[in-house]
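**Student:** From first to last, the protein sequence lines stand for chains A and B.
Numbering follows the working numbering, with no gaps: position 187 of the first sequence is 187.
Numbering follows the working numbering, with no gaps: position 201 of the second sequence is 201.
FYI, nobody ran anything at the bench for these hints, they're computed from the structure.
Ideal placement from N, C-alpha and C gives every residue a C-beta, glycine not left out.
It is possible that some hints are incorrect.
[Unchecked claim] Pair by pair, the computed Cβ-Cβ distance ranges are:
| hint | chain 1 | residue 1 | chain 2 | residue 2 | range |
| --- | --- | --- | --- | --- | --- |
| 1 | B | LEU129 | A | TRP122 | 39 to 45 Å |
| 2 | A | LEU6 | B | SER134 | 24 to 30 Å |
| 3 | A | MET181 | B | LEU129 | 34 to 40 Å |
[Stated by the list, open to error] Part of the chain B face toward chain A, derived, beta carbon under 10 Å:
| hint | residue |
| --- | --- |
| 4 | ILE168 |
| 5 | ARG172 |
| 6 | LEU174 |
[Claimed, not checked] Over the 12 Å line for every Cβ pair with chain B, so calculated as not near, a few chain A residues:
| hint | residue |
| --- | --- |
| 7 | ALA27 |
| 8 | GLY37 |
| 9 | GLN54 |
| 10 | MET77 |
| 11 | GLY81 |
| 12 | VAL84 |
| 13 | MET87 |
| 14 | ILE92 |
| 15 | ASP188 |
| 16 | VAL205 |
| 17 | ILE211 |
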Amino acid sequence: MISLELKKEKRTGLTAVLLISGILGAAYVLVNFAIRGDSLLSMPANPMDILLTQLYGIVMVINMFAIVVATSIAYNMEYAGAAVKKMYVLPISMKKIYSSKFLIILTAFLVSVAFEGLALAWIGANRLGPGAFRPDVFLLFMLYTYITSLPVASFMLFISSLSENIWVTIGIGVGGFLSGMALVNMSDSILMMLHPFIIMFKPAVAMSAEINGTVMSVAIIETVMFFIAGIIGSSKKKAE
Amino acid sequence: MNEYVIETNNLTKRYKNFVSVNNLSIHIKRGSIYGFLGPNGAGKSTTMKMLLGMSKPTGGDFMIDGKRMPEERIAILKEIGSFIESPSYYPNLTGRENLEIIRKILGLKKSDVDEALEIVGLTEFGDRLVKKYSLGMKQRLGLAGALIGKPPILILDEPTNGLDPAGIHEIRNLIKRLPQMFNCTIMISSHMLSEIELVADDIGILNHGNLLFEGSLDDLRLEAGKRGYGDQNLEEMFLSMIDEDNAFRKQRAVI
Numbered sequence: 001m002i003s004l005e006l007k008k009e010k011r012t013g014l015t016a017v018l019l020i021s022g023i024l025g026a027a028y029v030l031v032n033f034a035i036r037g038d039s040l041l042s043m044p045a046n047p048m049d050i051l052l053t054q055l056y057g058i059v060m061v062i063n064m065f066a067i068v069v070a071t072s073i074a075y076n077m078e079y080a081g082a083a084v085k086k087m088y089v090l091p092i093s094m095k096k097i098y099s100s101k102f103l104i105i106l107t108a109f110l111v112s113v114a115f116e117g118l119a120l121a122w123i124g125a126n127r128l129g130p131g132a133f134r135p136d137v138f139l140l141f142m143l144y145t146y147i148t149s150l151p152v153a154s155f156m157l158f159i160s161s162l163s164e165n166i167w168v169t170i171g172i173g174v175g176g177f178l179s180g181m182a183l184v185n186m187s188d189s190i191l192m193m194l195h196p197f198i199i200m201f202k203p204a205v206a207m208s209a210e211i212n213g214t215v216m217s218v219a220i221i222e223t224v225m226f227f228i229a230g231i232i233g234s235s236k237k238k239a240e
Numbered sequence: 001m002n003e004y005v006i007e008t009n010n011l012t013k014r015y016k017n018f019v020s021v022n023n024l025s026i027h028i029k030r031g032s033i034y035g036f037l038g039p040n041g042a043g044k045s046t047t048m049k050m051l052l053g054m055s056k057p058t059g060g061d062f063m064i065d066g067k068r069m070p071e072e073r074i075a076i077l078k079e080i081g082s083f084i085e086s087p088s089y090y091p092n093l094t095g096r097e098n099l100e101i102i103r104k105i106l107g108l109k110k111s112d113v114d115e116a117l118e119i120v121g122l123t124e125f126g127d128r129l130v131k132k133y134s135l136g137m138k139q140r141l142g143l144a145g146a147l148i149g150k151p152p153i154l155i156l157d158e159p160t161n162g163l164d165p166a167g168i169h170e171i172r173n174l175i176k177r178l179p180q181m182f183n184c185t186i187m188i189s190s191h192m193l194s195e196i197e198l199v200a201d202d203i204g205i206l207n208h209g210n211l212l213f214e215g216s217l218d219d220l221r222l223e224a225g226k227r228g229y230g231d232q233n234l235e236e237m238f239l240s241m242i243d244e245d246n247a248f249r250k251q252r253a254v255i
């Protein structure tokens, strides 16, 4: 199923946009630290916190837009030439198609995050000073940022599967980004965290690289919730 | 083995106050070409969509080669090649790559792709991106997608739409040859009797979701004779039948 989906995605740029975002994010981290590294490290904070939180803001925005574009492409290619109608009449499960798209996006995004992580790790090992770089803190933070990005991926794929017009999907993604940015610092209530974009913003606005267990748990629950909604939605849409 | 490959029993599709297909019972014989006729909006596509599991019936049921939908959806769809309303394709892929996707899903041989392209006359355009295809070429690709792997049942909804006269002639001849070539059963819809009478063994005439007639073309001539339509021009017979039904409906609506 995965190989079939990869064949369908040929020339759409779906995986490319995620991989390029990873390279861009890594380049941003390296260039930014090359220019502002000394002033960043002179800040009165833990060097690991500086490394992981001060650079993540822009990296997160790049990731967020890459996710919005990739998820929009994922179903636009099905709707553009009404290919999905052919899929409906072939002996194939729409749930499997949805799951494969989800898995491809998550994997490509993981590679993208790994590129960014490599850049951060290089800076950590070479610029923070002897003994300052802590691989355990670094790996946990990377895992944290990856998991908190998943609700947006899950939500956007769900929206993309419902909307036949790519501009509606992208519009919802941009709306999510703007509203998430506006609301992220307003409250820490769980209700606010139902907004998947706010979850993704959380590590970017934190002052420490410490993991917030509540944010992480809500992220996992939302990811699963939107995934299930997408699975149900894709099979229901087929029925009419 | 059942004589009928497709058999519907009071199949109905209702949308709130509108009945698209009303208690439809059709019988399609194994190895035959069944022409499904009716004006636009008669319910032909809706019926075909129900048969393919794309739309859920609100009443009645049907059997395809002894199997029931939705319980045996995958088994049914493995046996059917279909073309519904308009061609469906991935514009970012070439014609060959599009068929390759279908081939993989159906678990067919690699050579089936080339064979399907050849049947519809697209071999030389197989490596061109589908977004650069003309409407007629997309239509042919849609047909290739239905024919790939020689399925035992073909459901074709207005397959000659968008083709030029030469293309129509070519596809019509192809459809006529298919039962012998593939040993398959074909259900083909059109709103033109002149189109269907050249290929079909049996026909079903649908109007406002109701089946007005089912039988062979000879049966239709006999029926037309009985009703006083005249039996020379089948197109006229078909139109008279539809007009009479429409007039009857109008009268009933006034009462």
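**Student:** Could you run down the list of hints and mark each one as holding or not?
**Tutor:** Structure-based check of all given hints:
no.: 1; hint: LEU129(B) to TRP122(A): 39 to 45 Å; in the structure: holds, 41 Å
no.: 2; hint: LEU6(A) to SER134(B): 24 to 30 Å; in the structure: holds, 29 Å
no.: 3; hint: MET181(A) to LEU129(B): 34 to 40 Å; in the structure: holds, 39 Å
no.: 4; hint: ILE168; in the structure: violated, 22 Å
no.: 5; hint: ARG172; in the structure: violated, 23 Å
no.: 6; hint: LEU174; in the structure: violated, 20 Å
no.: 7; hint: ALA27; in the structure: holds, 28 Å
no.: 8; hint: GLY37; in the structure: holds, 42 Å
no.: 9; hint: GLN54; in the structure: holds, 40 Å
no.: 10; hint: MET77; in the structure: violated, 6 Å
no.: 11; hint: GLY81; in the structure: violated, 4 Å
no.: 12; hint: VAL84; in the structure: violated, 7 Å
no.: 13; hint: MET87; in the structure: violated, 8 Å
no.: 14; hint: ILE92; in the structure: violated, 5 Å
no.: 15; hint: ASP188; in the structure: holds, 43 Å
no.: 16; hint: VAL205; in the structure: holds, 38 Å
no.: 17; hint: ILE211; in the structure: holds, 40 Å
When each numbered hint is compared with the structure, violations occur for hints 4, 5, 6, 10, 11, 12, 13, 14.
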